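Chemist: Protein sequence lines, in the order shown, are assigned to chains X and Z. Residue numbers are given in the numbering used here: position 259 of the first sequence equals residue 259, and the series is strictly consecutive. Residue numbers are given in the numbering used here: position 57 of the second sequence equals residue 57, and the series is strictly consecutive.
What the hints contain is simulated information worked out from the structure, not anything from laboratory work. Quick caveat: nothing in here was measured; it's all calculated off a predicted structure. We put the CB at the ideal spot given by N, CA and C, even for glycine. There could be a bad hint or two in this list.
Claimed, not checked - Anything over 10 Å on all C-beta distances counts as not near chain X; from chain Z, calculated: (1) Ser44; (2) His69; (3) Leu98; (4) Glu139; (5) Gly155; (6) Ser163; (7) Lys169; (8) Thr181; (9) Gln217; (10) Lys219; (11) Val254; (12) Thr276; (13) Arg277; (14) His284; (15) Ser323; (16) Met366.
What the hints assert, rightly or not - Quick partial rundown of chain X residues pointing at chain Z, CB under 10 Å, derived from the structure: (17) Glu45; (18) Arg166; (19) Arg169.
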Amino acid sequence: MSSKNLSANRLVQRIEEARKSRRKLFCAFLTLGFPSVPATEKLIEGFAARGVDVIELGFPFSDPMADGPTIQFSSEAALRRGVRLQDAFRIVRNLRKKGVQIPIVLFSYLNPVYHAGIERLPRQLKEAGFDGLIIPDCPPEEDPKLWQACERAGIAPVFFVAPTTRPERARKIFARSRGFLYYVSVRGVTGARHGLPHDLKKNLRSLIRTSRKPVLVGFGVSTPDQVRQISRFGAGVIVGSALVNQIRRSSGGLAPVFRLVESLVRPLRK
Amino acid sequence: MTLPDRSGHFGIFGGRYVPETLVRALEELVRSYQRLRRDRRFRSELKQLLETYAGRPTPLYEAENLTRHFGRARIFLKREDLCHTGAHKINNTLGQGLLAKRLGKTRIIAETGAGQHGVATATAARVFGLECVIYMGEEDIRRQALNVYKMKLLGATVVPVHSGSRTLKDATNEAIRDWVTHVETTHYLLGSVVGPHPYPMMVRDFQSVIGKETFRQFKPASRSRSLPGYLVACVGGGSNAIGFFYPFLKKRGVKLFGVEAAGKGLASGRHSASLTRGSVGILHGMKSYLLQNREGQVELAHSISAGLDYPSVGPEHAFLKESGRVRYVTVTDREALWGFRLLTETEGIMPALEPAHALGFLKHLMPKTRTRESVVVCISGRGDKDIDVVKKFIR
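Input sequences plus hints: build the corresponding full structure.
Modeler: Given below as structure tokens:
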């Protein structure tokens with residue numbers, strides 16, 4: 001890819017800064033429109049002020065096959081409220097107008113993206129102020145046109161590597177990934193879990209040796225202790241279901257969610 | 001050129017749109033399947049099972065009373081309803097069950113809507129001594145209590161799915177989630193020609209025994225030297241139709257009709273006609289036609305027949321629609337009931353409500369045929385499972 005298109009990309013810049021200052025990255029997942037679209041906007045603003053480095057904004061899909069019960073619940077609730085892709089563009093535009101500079105990556109299944117137009121959507125994302133795109137059901141070899149359009153528009157594609165990915169395939173995925181690489185810590189779907197898989201450290205170490213791009217660990221990360229352990233060998237963490245669960249429990253109140261995010265970011269900032 | 005291509009595409013359709021965790025398992029499945037389909041022992045073992053256990057070959061029956069009813073082309077029925085467990089589904093579950101055993105898997109999982117594929121999978125699990133878990137929407141469990149009971153008797157664990165619309169598409173999501181979690185020990189025994197590569201190809205190959213037999217049987221059964229003029233089959237996911245059509249695809253003189261469920265009518269919005277009324281999209285690991293709204297959210301399918309109640313369709317059907325080789329038409333709930341009744345009354349054969357759609361289409365097709373021509377209808381399953389539904393409509 002021409003690095004030209006991405007030199008002004010907030011995600012790429014944030015990762016470069018983190019590398020230089022040896023800072024670990026914290027990426028937070030939120031479901032757009034859960035509990036409501038204005039609440040999502042406030043949550044992003046609050047997360048940015050509390051040391052979160054990257055926002056992964058999930059656009060809900062009716063059939064989220066890589067997600068566990070928590071994200072399924074939030075997706076269904078958001079869809080019942082009639083959330084649309086336009087809402088994602090609108091709140092990110094608002095945030096950028098207010099000067100919120102946190103990198104924001106859109107997370108969505110392929111069908112809504114395909115429907116929005118694989119040539120058109122990356123441009124729209126860029127115009128709205130997004131920095132990257134993650135699609136859990138689209139490996140890099142499918143729909144190359146989408147990924148080419150992302151590169152032209154200056155949107156960083158983020159790909160996954162799983163414990164089942166063969167090393168030679170992982171190297172190819174590394175080469176195509178921009179920004180960071182998303183390492184799926186478990187064989188399974190998203191959702192809070194106790195402990196960490198015993199082979200995580202070994203797998204991650206051998207993966208990190210193959211590339212200089214930062215590897216963020218997601219799926220099942222939900223406690224400060226897990227964050228601390230992962231930060232010893234990974235470039236950072238992605239937390240989703242734990243936050244969405246807290247949003248669900250605090251029924252509209254944002255303060256407990258902010259407290260949780262603070263407690264999760266803290267182990268990275270010592 | 002034979003399809004799919006190496007990457008699992010039928011033109012723009014098909015592919016492998018899955019979470020990264022599953023990519024390796026699918027690659028391994030492609031390799032193992034390519035090896036086993038040529039393996040003599042695997043083939044003879046499967047052939048033996050299909051003959052001595054499933055009851056193949058199934059007859060090709062000339063329905064003379066039904067023929068007289070229309071007074072046009074001769075009508076033949078491919079009797080998949082006579083297969084063990086009552087439908088064509090067993091052709092695929094025996095094939096994939098044997099494959100799972102050869103791959104050293106100890107556990108098979110499957111999705112089911114009406115429960116036919118669930119029963120056929122639980123049956124195959126007994127044959128091969130595999131642990132079996134069936135995912136089924138809460139709503140379908142309620143509607144198909146008898147099949148749920150059968151699966152349990154067969155030793156399967158039936159897991160109710162509470163997410164989404166609580167039907168087949170959600171059961172499929174849940175089966176995929178299970179597979180992502182237990183991919184090393186488990187084979188996902190998908191029930192139709194849908195899902196990521198190699199499933200649409202593999203299930204087609206296992207089901208093409210239907211078409212191969214028809215091809216062989218037709219000339220002796222009709223005492224003629226030509227092939228049939230028309231083949232008619234119902235299409236939900238499309239496994240019986242592909243299996244039936246596949247050996248005839250290159251015979252341009254044979255007209256192929258796939259019948260989708262128009263439910264309460266195409267205009268009502270309550271139907272399962274993904275090819276006729278859907279648009280291109282991605283669901284369950286494949287690119288195909290899909291019932292969806294303007295935002296790309298999947299919409300609910302409806303049909304009186306639970307087996308056709310699926311918002312998408314196999315990618316090869318999508319390809320055959322675009323290429324024009326197969327014509328896809330629709331039949332409403334009401335017309336399907338008419339078809340059910342017609343076959344029951346003329347021939348003493350109660351079809352399942354899925355092939356009742358293929359029979360419902362005869363009303364439109366037969367007047368255009370000539371007495372010297374022949375029509376073969378695939379009766380993909382028997383109607384016992386649907387009697388409660390039929391009872392509500394036919395007194």
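Chemist: A separate judgement is required for each hint: does it hold in the structure or not?
Modeler: Going down the list of hints, with the structure as the test:
With a closest Cβ-Cβ approach of about 33 Å to chain X, serine 44 of chain Z is found to remain outside the 10 Å limit, as its non-interface label requires. Chain X leaves histidine 69 of chain Z outside its interface by the beta-carbon criterion, the shortest separation being 43 Å against a cut-off of 10 Å. Every CB of chain X is more than 10 Å from the CB of leucine 98 of chain Z (nearest about 24 Å), matching its label as outside the interface. The claim that glutamate 139 of chain Z is not at the interface with chain X holds, since no C-beta of that chain comes within 10 Å of its own (minimum 15 Å).
No beta-carbon of chain X comes within 10 Å of the beta-carbon of glycine 155 of chain Z; the shortest separation is about 26 Å. Against the 10 Å criterion, serine 163 of chain Z falls within the reach of chain X, whose nearest CB is about 5 Å from its own CB. For lysine 169 of chain Z, the condition that its CB be more than 10 Å from all CB atoms of chain X is violated, with the nearest at approximately 6 Å. Separation of threonine 181 of chain Z from chain X is inadequate, the least Cβ-Cβ distance of about 4 Å not exceeding the 10 Å criterion.
With 10 Å as the threshold on Cβ separation, the claim that glutamine 217 of chain Z sits away from chain X holds: the shortest Cβ distance comes to roughly 40 Å. Against the 10 Å criterion, lysine 219 of chain Z stays outside the reach of chain X, whose nearest CB is about 43 Å from its own CB. The Cβ of valine 254 of chain Z lies farther than 10 Å from every Cβ of chain X, with a closest approach of about 34 Å, so its non-interface assignment holds. Residue-level check passed: threonine 276 of chain Z sits 19 Å from the nearest beta carbon of chain X, beyond 10 Å.
Consistency note on arginine 277 of chain Z: stated as away from chain X, and its beta-carbon is indeed over 10 Å from all of that chain's, at 16 Å minimum. Residue-level check failed: histidine 284 of chain Z sits 7 Å from the nearest beta carbon of chain X, not beyond 10 Å. No beta-carbon of chain X comes within 10 Å of the beta-carbon of serine 323 of chain Z; the shortest separation is about 22 Å. The beta carbon of methionine 366 of chain Z sits about 39 Å from the closest Cβ of chain X, which is more than 10 Å, so the claim that it is off the interface holds.
A distance limit of 10 Å between C-beta atoms decides the matter here; for glutamate 45 of chain X the minimum to chain Z is near 26 Å, and the interface restraint is violated. With a cut of 10 Å, the hint placing arginine 166 of chain X at the interface with chain Z holds, because the nearest CB-to-CB distance is about 6 Å. Below 10 Å, beta-carbon pairs count as interface contacts, and arginine 169 of chain X has one with chain Z at about 7 Å; its hint therefore holds.
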